[in-house]
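Asker: Residue-level listing of the chains:
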Amino acid sequence: MNWHSSTDFFQMGGYGLYVWGSYGAALLLGLSETLLARRRHAKALNTLQEDTDL
Amino acid sequence: MTRPTAPVRWFTFAAPSRFYALSGRLLPGLWLLAAVLGGLGLYQAFFVAPTDATQGEAYRILFIHVPAAWLSMLLYVAMAFWAAIGWAYKARMASILARAIAPTGALFTALALISGALWGQPTWGSWWVWDARLTSELILLFLYLGYLALVHAIEDPHRADPAGALLALVGVINIPIIYFSVRWWNTLHQGASISMTAAPRMAETMLQALLLTTLACWAYAFAVIFTRARALILEREQDSAWVQALKGERI
Numbered sequence: 001m002n003w004h005s006s007t008d009f010f011q012m013g014g015y016g017l018y019v020w021g022s023y024g025a026a027l028l029l030g031l032s033e034t035l036l037a038r039r040r041h042a043k044a045l046n047t048l049q050e051d052t053d054l
Numbered sequence: 055m056t057r058p059t060a061p062v063r064w065f066t067f068a069a070p071s072r073f074y075a076l077s078g079r080l081l082p083g084l085w086l087l088a089a090v091l092g093g094l095g096l097y098q099a100f101f102v103a104p105t106d107a108t109q110g111e112a113y114r115i116l117f118i119h120v121p122a123a124w125l126s127m128l129l130y131v132a133m134a135f136w137a138a139i140g141w142a143y144k145a146r147m148a149s150i151l152a153r154a155i156a157p158t159g160a161l162f163t164a165l166a167l168i169s170g171a172l173w174g175q176p177t178w179g180s181w182w183v184w185d186a187r188l189t190s191e192l193i194l195l196f197l198y199l200g201y202l203a204l205v206h207a208i209e210d211p212h213r214a215d216p217a218g219a220l221l222a223l224v225g226v227i228n229i230p231i232i233y234f235s236v237r238w239w240n241t242l243h244q245g246a247s248i249s250m251t252a253a254p255r256m257a258e259t260m261l262q263a264l265l266l267t268t269l270a271c272w273a274y275a276f277a278v279i280f281t282r283a284r285a286l287i288l289e290r291e292q293d294s295a296w297v298q299a300l301k302g303e304r305i
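Taken in sequence, the protein lines are chains A and B.
Each residue of the first sequence is one higher than the one before, counting from 1 in this note's numbering.
Each residue of the second sequence is one higher than the one before, counting from 55 in this note's numbering.
In short, the hints are calculated from the structure, not lab data.
One thing to keep in mind: the hints can contain errors.
[Said to hold, decoys possible] Derived list of chain A stretches under chain B, where covered just means 3 residues or more per stretch with a C-beta under 8 Å from a C-beta of chain B:
hint, stretch
1, 2-13
2, 18-28
3, 31-41
For glycine and all other residues, C-beta sits at the position ideal for the given N, C-alpha and C.
Excised from the complex, chain A in its bound form (with noise of 0.2 Å):
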């Protein structure tokens, strides 16, 4: 086991800000990405609804 305690663990060594910082900014733009993506293809199938009520 690496770390004794959870503070161990987030303070990595005294590299947790580089570290974390790392996976926070994975973490960012992928959840973002999945969104933006995801929220396109639900505005699209939108446009495609609606377009039949007319």
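Based on the hints, put chain B in the right spot on chain A.
Answerer: For chain B alone, coordinates are given in the frame of chain A:
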């Protein structure tokens, strides 16, 4: 020697309607795969892989940095490949794929640069250096952004796609430059720790973690690219009979 020339049928199977149906079935599995592999990879990266003897815990950044850098290059090649196919054969699905890949490629490039800066600061004492590897990767980001700006600036896809394809193809020259930069120039960026010809210079558990996070990034890339491709298909083919037929079924 002559062969009977059968009509090429690949593109009929790669019709947007087929792609739409197939990708719709694959997507839930791909998202699940990305989540499971990501979870396993992070567990392996933080709880199983040991502390690095020289770099301490900062080295754990590589489990996101390396997959991001690999994908940034591979996605560029894939984008240029599909753009070229779409241009040469007027294959609609190929052009759509190229467009769908570009934002994800740009994202992985940005992530490689960000995680690299966050590793560089504690390890080299600098967020950024004008090193051949870093500079060529930055150029890759500009190529992605240039491609996106170009295809978005031209409204008609029939004119935007070939223009984008030309830019993407010219930019391919940058890929071997990035890859071999650490050998061709004296770079601050370290050389490859893993190669096809020699044993990897890292612990087994570290290698497993890297493999898992890389596969997770792949699954994620496929899932998000397919999602975007499906949106593009609906936007472009909205007047076709098969898209009109989708109206009936509420999704």
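Asker: So, for every hint listed, does it hold in this structure?
Answerer: Against the structure, the hints:
1. For the stretch 2-13 of chain A, the stated coverage by chain B is satisfied: 5 residues place a CB nearer than 8 Å to a CB of that chain, which reaches the threshold of 3.
2. Counting residues of the stretch 18-28 of chain A whose CB lies closer than 8 Å to any CB of chain B gives 7, which reaches the minimum of 3, so the coverage claim holds.
3. For the stretch 31-41 of chain A, the stated coverage by chain B is satisfied: 6 residues place a CB nearer than 8 Å to a CB of that chain, which reaches the threshold of 3.
No hint from the list above goes unmet by this structure.
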